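Engineer: Chains as they are written, first to last, in numbering that gives the first Met the number 0: chain L, 0 to 82; chain B, 0 to 82.
Rather than coming from a laboratory, the hints here were simulated on the basis of the structure. For clarity, every value in this text was computed on a predicted model and none was experimentally measured. Heads up, a few of these hints could be off.
[As the list claims (entries may be wrong)] Computed cross-link-like contacts, DSS-like style, restricted to lysine-lysine with a CA-CA straight-line distance of at most 27 angstroms: (1) B:57 x L:62; (2) L:1 x L:57; (3) L:62 x B:40; (4) B:62 x L:2; (5) B:57 x L:57.
There are 2 protein chains.
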Amino acid sequence: MKKVTVFITLKQGVLDPQGKAIQTSLHSLGFQEVEDARVGKYIELHVEDHENVDERVKEMCDKLLANPVIEDYRFEVEEAVRS
Amino acid sequence: MKKVTVFITLKQGVLDPQGKAIQTSLHSLGFQEVEDARVGKYIELHVEDHENVDERVKEMCDKLLANPVIEDYRFEVEEAVRS
Chain L
0 MKKVTVFITL KQGVLDPQGK AIQTSLHSLG FQEVEDARVG KYIELHVEDH
50 ENVDERVKEM CDKLLANPVI EDYRFEVEEA VRS
Chain B
0 MKKVTVFITL KQGVLDPQGK AIQTSLHSLG FQEVEDARVG KYIELHVEDH
50 ENVDERVKEM CDKLLANPVI EDYRFEVEEA VRS
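Generate the whole structure from the sequences, applying the supplied hints.
Structural biologist: Next comes the structure, spelled out in structure tokens:
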């Protein structure tokens, strides 16, 4: 079993209203030191072992998990530690 | 300037409808090998330098970024590389 962690972030230059809202809220709570906030998705998958896990995960990202027009993605594959 | 990356995930045992929806969609696209999917948030902050950045970020998470009832969080602090 493999644990795959996918990080999906908005491409540079794409407006991030959620990030702006977080930055404004942090400022109103007194955290003036925050200059910029950007929000993305973080997906953890447990995937059965087989040889081309990386290719399959890339396909999953391209087909479903990430929107190629406005999002970038990267992923990490490691041995799953079942809790 | 520091770059802070915050990972917010649902606590073990908390139902994850978004994760379930992703798993079902991946199966319908032919990715049967996916056994489990859980979705979280990934927030990148740029924060001005000062001594207790870790404490301040912990406060930001406790007060705003994470819901302590259903979510866990962890964060990483590194030197910011401005692009």
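Engineer: Now, for every hint given, state plainly whether the structure supports it.
Structural biologist: To see whether the hints hold, each was checked on the structure:
no.	hint	in the structure
1	B:57 x L:62	violated, 35 angstroms
2	L:1 x L:57	holds, 15 angstroms
3	L:62 x B:40	holds, 20 angstroms
4	B:62 x L:2	violated, 30 angstroms
5	B:57 x L:57	violated, 33 angstroms
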